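Residue numbers (the numbering used here), protein chains in the order written: chain A, 50 to 530; chain B, 97 to 224; chain C, 7 to 456.
Hints in this document: simulated from the structure, not taken from any laboratory. Small disclaimer: the values here were computed from a predicted structure and weren't measured. Where a beta carbon is used, it is the ideal one built from N, C-alpha and C, also for glycine. There may be inaccurate statements among the hints.
Unchecked claim - Every beta carbon over 10 Å from chain C, so not counted as near; a handful from chain A, in silico:
| no. | residue |
| --- | --- |
| 1 | S69 |
| 2 | S115 |
| 3 | H323 |
| 4 | K337 |
| 5 | L489 |
| 6 | E527 |
What the hints assert, rightly or not - Simulated pairs of lysine-lysine, DSBU-like, Cα-Cα distance not exceeding 35 Å:
| no. | chain 1 | residue 1 | chain 2 | residue 2 |
| --- | --- | --- | --- | --- |
| 7 | C | K59 | A | K72 |
| 8 | C | K59 | A | K137 |
| 9 | A | K72 | C | K60 |
| 10 | A | K420 | A | K409 |
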Amino acid sequence: MNSLPELIFEISKEGKTGYSFSKTEFSDELIAIDKNKVREDLESFPQVSEVEIVRHYTNLAHLNHSVDSGFYPLGSCTMKYNPKINEKIAGMEELSAHPYSPHQVVQGNLEIINSLEKWLVDITGMDSFTLTPAAGAHGEFVGMQIIRKYLSTQGNPRKIVLIPDSAHGTNPASAHFAGYDIKEIPSNADGIIDVETLKEYLNEDVAALMMTNPNTLGIFEKNIMEISQALHKNGSLLYMDGANMNAFMGIAKPGDLGVDVVHLNLHKTFSTPHGGGGPGCGPIGVAKHLSGFLPVPTVDKKEGEYRVEYFKKEGIGRVKNFYGNFLVMVRALVYLLSLGRENIRKVGEDAVLNANYIRKKLEGLLDLPYKSRTLHEVIFSDKNLKVKTLDIAKRLLDFGIHPFTVYFPLIVHGAMMIEPTETESKETLDSFVEAMKEILKEAENNPEVLENAPHTTPVKRLDEVLAARKLQVKWEKEEKS
Amino acid sequence: MSLEELKFTKEHEWVKIDGEIATVGISDYAQKELGDVVYVELPPTGDSFTKGEACSNIESVKAVNDIYTPITGEIVDSNAALEDNPELINQSPYEDGWIFKIKIEDESELNDLMDADIYEEYLKGIIE
Amino acid sequence: MRYLPLTDADRAEIKNVIGIENTEELFSDIPEDKRYYPLDKIPSALTEDEIIKKFKEIARKNCFSEYLSFLGAGAYNHFTPEVVSHLSQKGEFLTPYTPYQPEVSQGSLQAMFEYQTMMTMLTGMDVSNASLYDGGTAAAEGVLLALRKARKKSRILISSGLHPEYIEIINTYINNLDYQAEIVDTDEQTGTVNLDDLKGKMDENTAGFIFQSPNFFGIVEDSQAISDLLHENKAYSIQAVSEAMSMAFLSPAGQKGVDIIVGEAQSFGLPLGFGGPFLGFIATKKDFIRQLPGRIVGQTLDKDGKRGYVLTLSTREQHIKREKATSNICTNQAWCALHAGIYLATMGKKGLNEISKANHLNTAYFVKEVGKYSHIKIRYKQNFYNEVVLEVKNMKVDNFLGELQKKGILCGIPLKWFFPDQQEAILVNFTELHKKDDIDKLVKAIGELK
Numbered sequence: 050m051n052s053l054p055e056l057i058f059e060i061s062k063e064g065k066t067g068y069s070f071s072k073t074e075f076s077d078e079l080i081a082i083d084k085n086k087v088r089e090d091l092e093s094f095p096q097v098s099e100v101e102i103v104r105h106y107t108n109l110a111h112l113n114h115s116v117d118s119g120f121y122p123l124g125s126c127t128m129k130y131n132p133k134i135n136e137k138i139a140g141m142e143e144l145s146a147h148p149y150s151p152h153q154v155v156q157g158n159l160e161i162i163n164s165l166e167k168w169l170v171d172i173t174g175m176d177s178f179t180l181t182p183a184a185g186a187h188g189e190f191v192g193m194q195i196i197r198k199y200l201s202t203q204g205n206p207r208k209i210v211l212i213p214d215s216a217h218g219t220n221p222a223s224a225h226f227a228g229y230d231i232k233e234i235p236s237n238a239d240g241i242i243d244v245e246t247l248k249e250y251l252n253e254d255v256a257a258l259m260m261t262n263p264n265t266l267g268i269f270e271k272n273i274m275e276i277s278q279a280l281h282k283n284g285s286l287l288y289m290d291g292a293n294m295n296a297f298m299g300i301a302k303p304g305d306l307g308v309d310v311v312h313l314n315l316h317k318t319f320s321t322p323h324g325g326g327g328p329g330c331g332p333i334g335v336a337k338h339l340s341g342f343l344p345v346p347t348v349d350k351k352e353g354e355y356r357v358e359y360f361k362k363e364g365i366g367r368v369k370n371f372y373g374n375f376l377v378m379v380r381a382l383v384y385l386l387s388l389g390r391e392n393i394r395k396v397g398e399d400a401v402l403n404a405n406y407i408r409k410k411l412e413g414l415l416d417l418p419y420k421s422r423t424l425h426e427v428i429f430s431d432k433n434l435k436v437k438t439l440d441i442a443k444r445l446l447d448f449g450i451h452p453f454t455v456y457f458p459l460i461v462h463g464a465m466m467i468e469p470t471e472t473e474s475k476e477t478l479d480s481f482v483e484a485m486k487e488i489l490k491e492a493e494n495n496p497e498v499l500e501n502a503p504h505t506t507p508v509k510r511l512d513e514v515l516a517a518r519k520l521q522v523k524w525e526k527e528e529k530s
Numbered sequence: 097m098s099l100e101e102l103k104f105t106k107e108h109e110w111v112k113i114d115g116e117i118a119t120v121g122i123s124d125y126a127q128k129e130l131g132d133v134v135y136v137e138l139p140p141t142g143d144s145f146t147k148g149e150a151c152s153n154i155e156s157v158k159a160v161n162d163i164y165t166p167i168t169g170e171i172v173d174s175n176a177a178l179e180d181n182p183e184l185i186n187q188s189p190y191e192d193g194w195i196f197k198i199k200i201e202d203e204s205e206l207n208d209l210m211d212a213d214i215y216e217e218y219l220k221g222i223i224e
Numbered sequence: 007m008r009y010l011p012l013t014d015a016d017r018a019e020i021k022n023v024i025g026i027e028n029t030e031e032l033f034s035d036i037p038e039d040k041r042y043y044p045l046d047k048i049p050s051a052l053t054e055d056e057i058i059k060k061f062k063e064i065a066r067k068n069c070f071s072e073y074l075s076f077l078g079a080g081a082y083n084h085f086t087p088e089v090v091s092h093l094s095q096k097g098e099f100l101t102p103y104t105p106y107q108p109e110v111s112q113g114s115l116q117a118m119f120e121y122q123t124m125m126t127m128l129t130g131m132d133v134s135n136a137s138l139y140d141g142g143t144a145a146a147e148g149v150l151l152a153l154r155k156a157r158k159k160s161r162i163l164i165s166s167g168l169h170p171e172y173i174e175i176i177n178t179y180i181n182n183l184d185y186q187a188e189i190v191d192t193d194e195q196t197g198t199v200n201l202d203d204l205k206g207k208m209d210e211n212t213a214g215f216i217f218q219s220p221n222f223f224g225i226v227e228d229s230q231a232i233s234d235l236l237h238e239n240k241a242y243s244i245q246a247v248s249e250a251m252s253m254a255f256l257s258p259a260g261q262k263g264v265d266i267i268v269g270e271a272q273s274f275g276l277p278l279g280f281g282g283p284f285l286g287f288i289a290t291k292k293d294f295i296r297q298l299p300g301r302i303v304g305q306t307l308d309k310d311g312k313r314g315y316v317l318t319l320s321t322r323e324q325h326i327k328r329e330k331a332t333s334n335i336c337t338n339q340a341w342c343a344l345h346a347g348i349y350l351a352t353m354g355k356k357g358l359n360e361i362s363k364a365n366h367l368n369t370a371y372f373v374k375e376v377g378k379y380s381h382i383k384i385r386y387k388q389n390f391y392n393e394v395v396l397e398v399k400n401m402k403v404d405n406f407l408g409e410l411q412k413k414g415i416l417c418g419i420p421l422k423w424f425f426p427d428q429q430e431a432i433l434v435n436f437t438e439l440h441k442k443d444d445i446d447k448l449v450k451a452i453g454e455l456k
């Protein structure tokens, strides 16, 4: 693929057709709308033949790296393999009902929602779940709203949410949209939150601590139970960001560790595909004292039949249309059923084995800022290197490997966050290590190769400054490429 | 223009005083820290701001930074050239990259500004 | 297990390299009494053929496909050309992550750029983002956008003609922030926004008004009149759309004075899917671009001067601005937008023209045919798009729907689900997939309930 793909508008030509559909049986005479409300034309809209559509998008697909094509060790994203049987089941027409179908005609779908909720309860040890949030950040927002509503019924919603300095940006953003001010709490030299530090920050204004576990450094927050106790004593709650659940699914339960609210990412731990940025699903699990505050709708089995509740007085209300991203839930349920008791623990074990293997192999070559036990992802920094993290990342592209997460979390200089996941073979890990070794050698002897990378990708390094300065967010008709 | 004419703030803004009008921009250190400027939100002429209030912001690819007015007063002009050429801030932070002009309401506030040589000392402290 | 490539030999070797004996040592930071809990509640693994069998059983408990359905109200059954799913389901589109490394994501980025462009063409706006979760959350984001841009104002007006779920979601979003919302009435006679009520409720603290067109009752609003009134009062005009297909038939919002348009684009090729994943969208005039939530793809050049695409204006977003971000959104509905973009390109100008009109003509035909009955009444006979409110005069709505269900028809959605004072009305939807025979069947069945 050497030539630049044209835009669909550049291929378009008057008279071409890409679709086939039976003509309407009725004449324009029936039109019952004021003429001034009806559009004149869809000017400039594409007109392309089906053949050209297929070529256009097939060639675009070739420009993408994906999990299906190669290693994708993005830290905190859990880029694991997306099973194809999940796609088949999610594509079943018999499941694709209208969401307002009367409950009697969609008992199968309601069973699916209920089953997945039950699975998640069993895996996390929480009391109940809502599957309605569309993504992790959405789940965080819902979880913080539940906390707020709960505290309000106790008399005082409070003002502040404590968030570790290593937290993902969605944590403070979500807490803010739930009406809270943020106070950052520092991690210690081991990379975790310690109880004494937490106690210094606790006062009557603190509503909750939002903690990622394992955190974004890939380290288990081992003080979590003491932290939970200290919070509860203060009348505050513990929210756990479960984005990194892949590290200990089937091995331990957040509900056993003192967590009040947890969110999961079906598009991470539970294998549903990332799709280039969604759709996802961010279920929220809550402890018993919060179960009355879940959003609508809720699905329950009553007298042998699944029924839907659309209105709950104490709940936080509605956070999403209909039931949430149902077809994403289907994929996750198929995945869990496929793993079963025999394999569910192996996911976390292999994920952690793989991450530790990479840590061991690269430890001598890169600066390891935290010496604590690594779980499913390992962080290195670019200290003492002649080149920047970005340059290493761009050079990895030339090896057909998607780079690790770069420059996150902010508390590590030039952070490189590597999460291999359990769905990678040892051979893949070894070739990644070899690639890194070669690149680091180049960094010593020939750094310009890295600074000018990537060299073999469909486009070279792109000018993000130009993109922001001369904003062009849509195609314009008189364009010259 | 020599830097000695300018006064500075801890937030790395420079101020040039011309009678009752103060011209404000950001220092060379600030523009280097920001990286390539992609956009500047200029304060509207006629709006009034109190000393320390955020009246403008400068955007690079990686961050957006508020600009706080060092002086209480009414905005009398802003640098329209920055709309199409925000890079002027990087290329010429003290001249073509000026951001806004504000009418000085309270002269005593000028005493809180640093002279150029003190600002240089201040910078040395930060860089270490 | 086929998703776990490590063999036991691999595991042994890895443990050797790491320097541990037992796998459990890896989890030593987890309190001992809390780790490796009994798995007896977890069912045994199913093989692929067992999975297929199980879900066929589950699917048999659904019987919705036995009915001729006229259900709409924010989720619509449209035709999707085969080629769309075939292309969108390619692994290279389905399995990558957010395009943070644009050099290996040009496929997704260019497809998004094309989607953004087509959305601006449909809406008549200057800029579209690359997706939000759904229509309801998009409505909330649109409201928050107006409040952000208006800065010192804290009040928003909401039309009662908005999809009730959208109103619920907006309230959930603004409940915890220092904003107030008030509902503006719908004129019962015309089924449209009561402009006098809108005028009366506006004040200098009102940032904007969000209305839906076509509204929840199926009626097309006079967006120009509404926008003019708002602009006279320095407030923003926000339009919500739950049936995106309408945009291909009706005048573009951007030409009617609307500042911000939000809504649901599921109609562009996405299956009903029992409600999700769907596709929220937002498009605005260019003044709002720096306040937009979500991802935006922009065009640029690479080192060699070759055209390429990147995510841009990231400084609005949570990974940079954190609690000061325009939204907390990270993962969105990107694949759905890509799928919708392929749908739009495949249908093209001609396909969208024909199909969007067919939706309306089918509805108009129904309205004409049932006009002869006196036991039911179409509440608004003019300016509907593809949904109408049908009032039942001679029996309870539950009976009416029950009888039709016995004849194999899901006639529509009872309004009393959302409005306790609307006991006798049903919302009925027609798309291009309803043929004359289907509509005649419904008309006849209704006739038999005289």
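Each hint tested on the structure:
{"no.": "1", "hint": "S69", "verdict": "violated, 7 Å"}
{"no.": "2", "hint": "S115", "verdict": "violated, 4 Å"}
{"no.": "3", "hint": "H323", "verdict": "violated, 5 Å"}
{"no.": "4", "hint": "K337", "verdict": "holds, 18 Å"}
{"no.": "5", "hint": "L489", "verdict": "holds, 19 Å"}
{"no.": "6", "hint": "E527", "verdict": "holds, 14 Å"}
{"no.": "7", "hint": "K59/C x K72/A", "verdict": "violated, 39 Å"}
{"no.": "8", "hint": "K59/C x K137/A", "verdict": "holds, 12 Å"}
{"no.": "9", "hint": "K72/A x K60/C", "verdict": "violated, 40 Å"}
{"no.": "10", "hint": "K420/A x K409/A", "verdict": "holds, 11 Å"}
Of the numbered hints given earlier, the model fails hints 1, 2, 3, 7, 9; all others are met.
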